[in-house]
Amino acid sequence: MRIKARLGALVVGASLWAASAAPGLAADSGAVSAQVTVAAPCITVSTTAIDFGAQSLSTIAVKDLTYANCGPVDEKIYGRATNASGNSASWTLDPAFVGGASCGSGSPINKYALNSYQNNNNSASGFTMLSTTDQLIETIAGGATGSRDRVVITMACAGSSGVGQTMSFTLTFTATY
Amino acid sequence: MRCIQLAVAVVLLVALEAAPVAASSGVSVDLGRVDITDALMPGQAYSLPTLGVRNPGTEPTSYVMVASAVQDASLRHPDAAWFVFEPSALTLGPGETAQVQMRLVLPRDAAPGAYQVLLGAQISSLATGASVGAAAAARTTFSIRPANAIDAFAASIGQLVSDLWPWSAIVPSVFALASAGWLIRRRFAIHLDVRKRSAR
Numbered sequence: 000m001r002i003k004a005r006l007g008a009l010v011v012g013a014s015l016w017a018a019s020a021a022p023g024l025a026a027d028s029g030a031v032s033a034q035v036t037v038a039a040p041c042i043t044v045s046t047t048a049i050d051f052g053a054q055s056l057s058t059i060a061v062k063d064l065t066y067a068n069c070g071p072v073d074e075k076i077y078g079r080a081t082n083a084s085g086n087s088a089s090w091t092l093d094p095a096f097v098g099g100a101s102c103g104s105g106s107p108i109n110k111y112a113l114n115s116y117q118n119n120n121n122s123a124s125g126f127t128m129l130s131t132t133d134q135l136i137e138t139i140a141g142g143a144t145g146s147r148d149r150v151v152i153t154m155a156c157a158g159s160s161g162v163g164q165t166m167s168f169t170l171t172f173t174a175t176y
Numbered sequence: 000m001r002c003i004q005l006a007v008a009v010v011l012l013v014a015l016e017a018a019p020v021a022a023s024s025g026v027s028v029d030l031g032r033v034d035i036t037d038a039l040m041p042g043q044a045y046s047l048p049t050l051g052v053r054n055p056g057t058e059p060t061s062y063v064m065v066a067s068a069v070q071d072a073s074l075r076h077p078d079a080a081w082f083v084f085e086p087s088a089l090t091l092g093p094g095e096t097a098q099v100q101m102r103l104v105l106p107r108d109a110a111p112g113a114y115q116v117l118l119g120a121q122i123s124s125l126a127t128g129a130s131v132g133a134a135a136a137a138r139t140t141f142s143i144r145p146a147n148a149i150d151a152f153a154a155s156i157g158q159l160v161s162d163l164w165p166w167s168a169i170v171p172s173v174f175a176l177a178s179a180g181w182l183i184r185r186r187f188a189i190h191l192d193v194r195k196r197s198a199r
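So the protein sequences, as listed, match chains A and B. 106 is the number that numbering that gives the first Met the number 0 gives to position 107 of the first sequence; each next residue is one higher, with no gaps. 157 is the number that numbering that gives the first Met the number 0 gives to position 158 of the second sequence; each next residue is one higher, with no gaps.
Treat the hints as calculated values from the structure; they're not laboratory data. Note that this is a predicted model, so its numbers are computed, not measured. The reader is advised that the hints may include incorrect statements.
Per label pair, the in silico range of CB-to-CB distance [as the list claims (entries may be wrong)]:
1) A:142 x B:149: 47 to 55 angstroms
2) A:52 x B:38: 19 to 27 angstroms
3) A:103 x B:127: 27 to 35 angstroms
4) B:156 x A:59: 32 to 40 angstroms
5) B:110 x A:122: 37 to 45 angstroms
6) B:37 x A:142: 30 to 38 angstroms
7) A:105 x B:37: 30 to 38 angstroms
8) A:135 x B:170: 47 to 55 angstroms
9) B:88 x A:35: 20 to 28 angstroms
Chain A is nowhere near these chain B residues, computed Cβ spacing over 12 angstroms in every case [as the list claims (entries may be wrong)]:
10) 26
11) 33
12) 56
13) 80
14) 88
15) 97
16) 111
17) 112
18) 113
19) 130
20) 138
21) 147
22) 190
23) 193
24) 196
We put the CB at the ideal spot given by N, CA and C, even for glycine.
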């Protein structure tokens, strides 16, 4: 009898604990200690769409694209892009892909590359082969325009799918500290 | 002759003043870095600092909130699905600002280690072809500590309570009340006597 009563009290206690603890567990686990840098990364771009026009496979095309730091202090610019897709075709963005005149028999198909490029700068600091992960392009001063002013697309090699289709992809420049 | 030159100069100045300003699209956020110093636990949810998003451009612009991985071999990439933004998309006029609530919801199987992610707003474009999505983001770092058996069990219970809310509170409460009633009836004798009041 006494054991039963104690067991009952235990059950009641556990139930009350569960009920009282529920709101805390259902909500967030509590405040998080964090060091916050209050600053304002800011970016403007010259356009939100690029028209490369109709391009053949195994070619390279270039378009103007600039970005600027609209904040007052230095900031880092990261770049990334997506795979390209059409109605019934998809190309994988591959920063190591070499197309254009190098395309030939045995070349990989359904791959393409994007390059954020500084005109007239052929050094390693003048371009970044983009991937699907953000990578640092450059640091630009407050109010300044970025040094990269071109986007180069390396089309997929002949034999790839997508002929006659509009291939869509997004190129993103991210400003942060 | 001098009058003509002056008139031409005035016309040119007026034309320059009236020239349309080049439209620009952009985005700004009010946090540069968020370094979470507490070690976080798998299976738990955390509120992150509120992020202010501003349209510094000259045109109304639509944005989507994004969590994107940063290329850094020394740090892990969190899954974008771990981050919840409220709202997750917004449209702002030139100069307008909006506040976005951010939460980090860690799955129970989140791997321990140090993580880095860019949390921010990105210009959204519905255009087909090549679209350019400028983004401004707060670089965010955090670490997840290994969960021991007790922590993992507590986190699992917490997650279960959260998933089943409000029934996870109602059912135990009803059970507790019923158990309390049963205990009281077993331990105490309660007599309720109702009698008619005698007439004076």
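Each hint tested on the structure:
no.	hint	verdict
1	A:142 x B:149: 47 to 55 angstroms	54 angstroms, holds
2	A:52 x B:38: 19 to 27 angstroms	52 angstroms, violated
3	A:103 x B:127: 27 to 35 angstroms	31 angstroms, holds
4	B:156 x A:59: 32 to 40 angstroms	58 angstroms, violated
5	B:110 x A:122: 37 to 45 angstroms	39 angstroms, holds
6	B:37 x A:142: 30 to 38 angstroms	36 angstroms, holds
7	A:105 x B:37: 30 to 38 angstroms	53 angstroms, violated
8	A:135 x B:170: 47 to 55 angstroms	52 angstroms, holds
9	B:88 x A:35: 20 to 28 angstroms	24 angstroms, holds
10	26	6 angstroms, violated
11	33	5 angstroms, violated
12	56	6 angstroms, violated
13	80	16 angstroms, holds
14	88	15 angstroms, holds
15	97	14 angstroms, holds
16	111	16 angstroms, holds
17	112	17 angstroms, holds
18	113	14 angstroms, holds
19	130	5 angstroms, violated
20	138	5 angstroms, violated
21	147	16 angstroms, holds
22	190	21 angstroms, holds
23	193	29 angstroms, holds
24	196	38 angstroms, holds
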